[in-house]
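If you read the protein sequences in the order shown, they are chains A and B.
Heads up, the first sequence is in this note's numbering, so the first residue is 1 and it goes up one at a time.
Heads up, the second sequence is in this note's numbering, so the first residue is 114 and it goes up one at a time.
Because the hints were derived from the structure by calculation, they are not lab data.
Just so we're clear, the structure is a prediction, and the values are computed from it rather than from any experiment.
Under 8 Å between C-beta atoms, here's a sample of chain A residues computed to sit facing chain B:
#1 31
#2 42
#3 99
#4 100
#5 104
Chain B regions said to be covered by chain A (calculated; three or more residues, Cβ under 8 Å):
#6 140-146
#7 157-168
#8 210-218
Ideal Cβ positions, reconstructed from N, Cα and C, are used throughout, including at glycine.
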Amino acid sequence: DAGVIQSPRHEVTEMGQEVTLRCKPISGHDYLFWYRQTMMRGLELLIYFNNNVPIDDSGMPEDRFSAKMPNASFSTLKIQPSEPRDSAVYFCASSFGGATEAFFGQGTRLTVV
Amino acid sequence: KNEVEQSPQNLTAQEGEFITINCSYSVGISALHWLQQHPGGGIVSLFMLSSGKKKHGRLIATINIQEKHSSLHITASHPRDSAVYICAVRFAETSGSRLTFGEGTQLTVNP
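Starting from the given sequences, assemble the full structure and let the hints guide the process.
Below, the structure written as structure tokens:
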């Protein structure tokens with residue numbers, strides 16, 4: 001398996017634009033996590049899914065952020081409209097079982113100017 | 114408040130030295146993870162443990178549940194070990210799979 005695949009690796013966008021980050025989890029994994037990493041706040045959990053259903057979205061900063069998992073092999077994190085303070089590295093991770101080791105993607109570095 | 118604290122924040126060592134990174138947490142946990150993040154940004158899970166000790170190559174992770182403390186040890190350190198090491202815990206009182214992260218320890222191993 002190629003591991004968790006995220007796209008794009010880098011994204012630069014202007015304030016106000018919509019941004020969509022994509023994630024393909026490891027086949028067979030039933031948990032998918034979206035994290036955000038910034039210098040100020042470190043790593044934070046935004047939302048996670050179990051069997052494609054959102055379980056905990058309490059980390060989603062505000063209504064501008066939304067996440068979907070239409071099937072077991074694909075998830076998106078959307079920011080609309082984007083703001084400069086959304087600039088961060090966004091990681092997707094997946095695991096088999098929520099209490100087991102998680103495998104991380106390479107991350108998407110988002111810059112909002 | 115559920116907190117995770119790591120020490121030191123920064124650590125510089127010479128190749129071959131024995132290294133220890135510490136993680137303390139505030140309340141009971143169900144699991145603790147050690148993660149490694151290389152300069153390129155990718156994150157790799159090193160260990161997940163809830164008790165005792167685990168070893169993988171030159172890396173050893175220990176946890177003391179009573180003292181709410183875990184350590185990550187690197188024996189015979191090498192420049193390629195240079196990375197940020199992050200401790201993350203799943204608090205027992207938190208339902209589900211939410212992890213709380215420490216701020217990370219930046220390790221630099223000089224040749």
